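Number of protein chains: 2
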Amino acid sequence: MAMSWTTGRGSDLHIAPAGGRGRRAALESALRDGIRTGRLRPGEVMPSSRALAAQLGVARGTVVEAYSQLQAEGYLRARRGSGTEVASEAVTAPRSPRLPRAAAPLIDFRLGRPDPSSFPRRLWLRAVREALQSAPESAFGPLGPQGDSSFREALAGYVGRTRGVLTEPELMLVCGGFIQSLRLLCEALRARGARTIALEDPFIPDHREVALAAGLEVITLDVDEHGARPEKLLRGEADAVVLTPAHQAVLGATLAPERRAEFAAWAAERDAVIIEDDYDAEFRYDRQPVGAMQALAPDRVVYAGSASKTLAPALRIGWMALPPTLVSSVIERKRRVDRGTSVLDQLALAQMIETGSFDRHVRAMRRRYHRRRDLLTAMIDRVAPRMRIAGTAAGLHLVALLPDEPNLEDEIVDAAAGRSLALTGLARFRHDPQESTPGIAIGFGAPPEHAYESSLAALEGLLGEFSDRLS
Amino acid sequence: MAMSWTTGRGSDLHIAPAGGRGRRAALESALRDGIRTGRLRPGEVMPSSRALAAQLGVARGTVVEAYSQLQAEGYLRARRGSGTEVASEAVTAPRSPRLPRAAAPLIDFRLGRPDPSSFPRRLWLRAVREALQSAPESAFGPLGPQGDSSFREALAGYVGRTRGVLTEPELMLVCGGFIQSLRLLCEALRARGARTIALEDPFIPDHREVALAAGLEVITLDVDEHGARPEKLLRGEADAVVLTPAHQAVLGATLAPERRAEFAAWAAERDAVIIEDDYDAEFRYDRQPVGAMQALAPDRVVYAGSASKTLAPALRIGWMALPPTLVSSVIERKRRVDRGTSVLDQLALAQMIETGSFDRHVRAMRRRYHRRRDLLTAMIDRVAPRMRIAGTAAGLHLVALLPDEPNLEDEIVDAAAGRSLALTGLARFRHDPQESTPGIAIGFGAPPEHAYESSLAALEGLLGEFSDRLS
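For the record, the sequence lines run as chains A and B. Each residue of the first sequence is one higher than the one before, starting from 0 at the first, in numbering that gives the first Met the number 0. Each residue of the second sequence is one higher than the one before, starting from 0 at the first, in numbering that gives the first Met the number 0.
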């Protein structure tokens, strides 16, 4: 039943009971709205509860309670003497600013993105069910910043078994993905006196941003077909280095064995830290994945992984195997920034790892991405034979190096954007874009499976535009 | 079938095929272990693949592949000339440091902790199922730092309906709980020139730590039975204030209507920001919850809530309704620190809100906590009548003020610890502990439901020890 009444200023307030919450709630809501919108002005005297109750046809107690509630909230106040008046000014409902919002490309070949249609919904639901059935009460209390201990146990087994990482659950920290890992590490290193961090070049630009935000200086290491080159470290003053040994983050090389040894020796000599960003090593196509370099120097290397490529980046779950000397400072930093990472995702992923369904999912995805890679390289070989393909042994992207013609990289990326097709030019990954070798990075993980062939056809159409220069 | 061979140094390496991964994996694993443990030393020449294959009774290709894998990982290297030798030093498996680990108290009356046995496992599972069935593919792609849009829509409706917050989905940010909210806000405010933040005193000490870490100076506001007092703000230079209007974070007062108006007027005049920490307002026992003060000044007040009290702190999910001027800077900061918050928790909670099961859960918990509060206050009135109880109108804790006798607070807290019973003395929540009024804060949310009565009996036993001074 709708109610209405006429304010002292002569305008009508209509009061419609809100879903299931009755007359009092409806009255309160109408009064709040009347005050917020200025139809009831500060100082305006409200009718007595008796009068308003009669006017609305409700019990007097309803009005008394509504007045009392709105007094507690600051909308009304008792008048000197007696009665009730409006206490609060009209309020403009906030309007959201127009945020710059990049339109999502229709066809996505960006780096570091797994197939969003591949998230194993059924397996995940089963894992959540099992986790909810078996989790102890204490899992739902305040969790430690280090992460759930059963998950760390599952993880330590997983990274040991699949990546050769030498660690134990007490040395592991669960966090919100690699960016958070890197931030926690940079801040912990800065706090213990580190000043300079080395990054591979090309790199993921966000990593430089994180290092700089933590107050570190950044130097860069050249990368060739054997991975990052350690020379600059040996003569420099860096306190830490971020490496992508399994699949160089942009160019795709596997870090050569001698280089691994050189980096490890440098870290030992300089008491420095190596951060091993093992971002997509599960997907190795020509052989079994090359083991993590962490095991060569577990006292110097932080091993960092995540489920962003194997399950979904939207899960925001990652992990580190830490050298003993860094464990307590990094955990403490995690406690300070956000207390810990969502426990339910941890419990579910622990289930998936322990039941083997995670490994099965990864194997199935490896087959899927292997096929995608082969289709992509075959297409490029066919329509753009002058593009030299690199970095195909592993991961979710490859690099297509271009003939050295002025502006060709920019032209291709621009033409792609014109076709709502997202590609990334290699210059974007360089510390100094002027030094970049022309080429494009093509992430073949991002298109959903049902759209992969059509996405590839669109890419073929794009490359066809440049056939005079690429074939 | 186990295999074994004798190294050049005369020791035996035993090779047992690892679960399902076959001989090659077992051989690789044995070689890695042999090198890591020093049984195979750097420079030691490995048998030829032919000889080792014969010795082990495996195909020669198996040994060739294993050697190749270990070369890629840096354990072995090709010798000048021919053959293979050990490349890597023995590695000591890292040992975790003994971290200081506080033993969990058996009986937990600490603040801000909901009943861990109350997590609605069945409802959550159903919500996850529905979310997994209905989520679009794009939910599993890289998520925006602001949080899932369908969750923000559900949240904007929820905080509007239950807390009177005036906002819209585009003004909301999903994050990892209040500590992260406060950190993001302090950093964003500092970046735009803020220098000083005011906290209520008593306060949650972690909030001071977060503000200081962000580079802000902290001043404190006195608190009385009407909540925080604004006087010091009016003469001071603060750029922001953290308030707990619904239930002062320790003493439990509801912020009085005139105070709300004074804080809002101060913020408008000084172009300052009010951070409304609405940490447990859902649990109001004497009336319906007092609406958020955000609605009095949505352009100045950040409303911050979380599911830490209504569901579980281990979920690490919280939200803010932001003034339009802060939206883009806080979102950008969230992007930089961790990219976003786990999407699956967001999707599940959105389902719970939209189907009404979240509201039903909150109502059921309110009844549970109401009963607990009544049992607790009745017990205190009975056994310790000289303790004055305050802050009972809402939330998950109350305050028991003590007769002003030297050291009584410390004695009670120490005696409690001796009984594995966790209570907190009020001094711990003061900027200057010397200024504290003696008393203890008792969180009645923390004990699991099945243990509440026995926990209360333990507390009664403790207070009985002090009956000469408390009754």
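Hints may contain errors.
In silico contact screen, one side only, chain B against chain A (beta carbon under 7 Å); selected entries [to be verified]: (1) 116; (2) 260; (3) 264; (4) 267; (5) 311; (6) 314; (7) 338; (8) 374.
Residues of chain B placed beyond 10 Å of chain A at every Cβ, according to the derived structure [claimed, not checked]: (9) 50; (10) 68; (11) 72; (12) 79; (13) 87; (14) 112; (15) 167; (16) 189; (17) 297; (18) 324; (19) 342; (20) 344; (21) 463.
Derived from the structure by calculation, the hints contain no laboratory data. On a predicted model such as this, the values are computed, not experimentally measured, just so you know. Glycine included, each C-beta is placed from N, C-alpha and C at the ideal position.
Checked hints:
1. Annotation: residue 116 of chain B was flagged as interfacial toward chain A, and the flag holds, the nearest CB pair being 5 Å apart, inside 7 Å.
2. Among the interface hints, the one on residue 260 of chain B holds; its C-beta lies about 6 Å from the nearest C-beta in chain A, closer than the 7 Å criterion.
3. Residue-level restraint check for residue 264 of chain B is violated (minimum Cβ-Cβ distance to chain A is 9 Å; threshold 7 Å).
4. With a least beta-carbon distance of about 9 Å to chain A, the hint placing residue 267 of chain B at the interface is violated under the 7 Å criterion.
5. Given hint, residue 311 of chain B at the interface with chain A, holds; its Cβ is 4 Å from that chain's nearest Cβ, closer than 7 Å.
6. A hinted interface residue such as residue 314 of chain B counts as satisfied when its beta carbon comes closer than 7 Å to some beta carbon of chain A; here the least separation is about 6 Å, so the hint holds.
7. At about 6 Å, the closest approach between the beta carbon of residue 338 of chain B and any beta carbon in chain A falls short of 7 Å, and the interface hint on this residue holds.
8. Of the supplied interface hints, the one on residue 374 of chain B is violated, with its beta-carbon coming no nearer than about 20 Å to a beta-carbon of chain A, more than 7 Å.
9. No beta-carbon of chain A is positioned within 10 Å of the beta-carbon of residue 50 of chain B; the least distance is around 23 Å.
10. With a least CB separation of 6 Å from chain A, residue 68 of chain B falls inside the 10 Å interface cut-off, contrary to its annotation.
11. At the 10 Å boundary, the C-beta of residue 72 of chain B falls inside the reach of chain A, the nearest C-beta of that chain being 4 Å off.
12. The claim that residue 79 of chain B is not at the interface with chain A holds, since no C-beta of that chain comes within 10 Å of its own (minimum 13 Å).
13. Here residue 87 of chain B does not stay apart from chain A, with its beta-carbon only about 6 Å from theirs, under the 10 Å limit.
14. At the 10 Å boundary, the C-beta of residue 112 of chain B falls inside the reach of chain A, the nearest C-beta of that chain being 6 Å off.
15. With a least CB separation of 6 Å from chain A, residue 167 of chain B falls inside the 10 Å interface cut-off, contrary to its annotation.
16. The Cβ of residue 189 of chain B lies farther than 10 Å from every Cβ of chain A, with a closest approach of about 13 Å, so its non-interface assignment holds.
17. With a least beta-carbon separation of about 4 Å from chain A, residue 297 of chain B fails to lie farther than 10 Å from that chain, contradicting its non-interface assignment.
18. Not every CB of chain A lies more than 10 Å from the CB of residue 324 of chain B, the least distance being 8 Å, so the non-interface label is violated.
19. A Cβ of chain A approaches the Cβ of residue 342 of chain B within 10 Å, the least distance being about 4 Å, so the stated non-interface status is violated.
20. Interface exclusion of residue 344 of chain B from chain A breaks down, the closest Cβ pair being 5 Å apart, not more than 10 Å.
21. The claim that residue 463 of chain B lies off the interface holds: its Cβ sits roughly 28 Å from the closest Cβ of chain A, which is beyond the 10 Å cut-off.
The structure fails hints 3, 4, 8, 10, 11, 13, 14, 15, 17, 18, 19 and 20 (numbered hints given earlier, in ascending order).
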